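Novice: Chains Y and H supply the protein sequences, listed in that same order. First residue of the first sequence: 1, per my numbering; consecutive thereafter. First residue of the second sequence: 145, per my numbering; consecutive thereafter.
Calculated directly from the structure, the hints in this document are not laboratory data. Fair warning: this is a prediction, and the values are worked out from it, not measured in the lab. Hints may be right or wrong, so weigh each one.
[What the hints assert, rightly or not] Here are the simulated distance ranges between beta carbons:
{"#": "1", "chain 1": "H", "residue 1": "PHE252", "chain 2": "Y", "residue 2": "SER5", "range": "26 to 34 Å"}
{"#": "2", "chain 1": "H", "residue 1": "GLY249", "chain 2": "Y", "residue 2": "SER52", "range": "28 to 36 Å"}
{"#": "3", "chain 1": "Y", "residue 1": "ARG43", "chain 2": "H", "residue 2": "GLY249", "range": "19 to 27 Å"}
{"#": "4", "chain 1": "H", "residue 1": "GLY229", "chain 2": "Y", "residue 2": "ASP9", "range": "24 to 32 Å"}
{"#": "5", "chain 1": "H", "residue 1": "GLY207", "chain 2": "Y", "residue 2": "SER75", "range": "35 to 43 Å"}
{"#": "6", "chain 1": "Y", "residue 1": "SER75", "chain 2": "H", "residue 2": "GLN147", "range": "49 to 57 Å"}
{"#": "7", "chain 1": "H", "residue 1": "LYS225", "chain 2": "Y", "residue 2": "ARG47", "range": "26 to 34 Å"}
Backbone N, C-alpha and C define an ideal beta-carbon position, used for all residues, glycine too.
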Amino acid sequence: MVFASRDRDLLRAKDLVDSRYFDPLDVTDLARAAGFSRAHFSREFRRTFGESPHSYLLTRRMERAAALLRNTDRSVADICFDVGLQSVGSFTTSFTRTYGASPTAYRAAFPEAAEYARIPTCMLRAFGRPQNRTFREDTDPAHL
Amino acid sequence: MIQIGSAQLWVHDQDEALEFYTKRVGMEIRSDVTVPELGNFRWLTVGAPGYDDVAVTLMAIPGPPVMDDQTAKEVRALMAKGFAGTIFLVTDDCRAAYDEMRGRGVEFTEAPEERPYGIDCGFRDPSGNSLRLTEPREITSA
């Protein structure tokens, strides 16, 4: 029963990572959410989930960053901040270590986001209409 | 089988809306693509973390020739009056979500209240769109 309660507290921290990874969270915030001291929290988290809370938070951010590199045309710096990281240099290092390619190289390996963004046909039709409105139409008021 | 992919919401300013729905409400960016060939049309969608199949499209009000000036004006008028549509969100803890979102600067129009169907509250986005946040009550047999 005690273990179930402990696991539930740890799960609260894990859920916080999944739902708020884009906030400037760190392991201290996660420990606080679970109600543990920082050192005890890291040990218990690893014992329960098989990886450190830092690793879980970072890989969640990397996974989201990879999705944003594939699905958006936002800049690498914007994506770094979008996933809750503050340093583009650290982000690039972590991303390269995780995916074996820099964020820019990773993005280049996929088709451009605009090519497979699910922009509905109705939008393409509406926004694809020529905006040039002077076709030398008949301007005789009688024909309008 | 039919599923909901995304639903569209008119917004006055996509950057402002993006900041609101991600930083304040807690959603994540799903798609953000600007297409120069379509007059810099920006396809921008957000969704709740962990629910990848459903998104909200944050759509800027276009100008001519997509939408004529009069229609755009009418859409803005409807938004200003709060009648341009509502998004109904659900949560497993309405009061906690209310406190958290208020802490992040969301202005609520209604505080959490007990309703026959659960606990809910309401707020608006920067464009005036209405959002409800509900903790549904579990229906149990009598």
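Novice: Of all the hints given earlier, name the ones this structure violates by number, lowest first.
Specialist: 3, 4, 5, 6, 7
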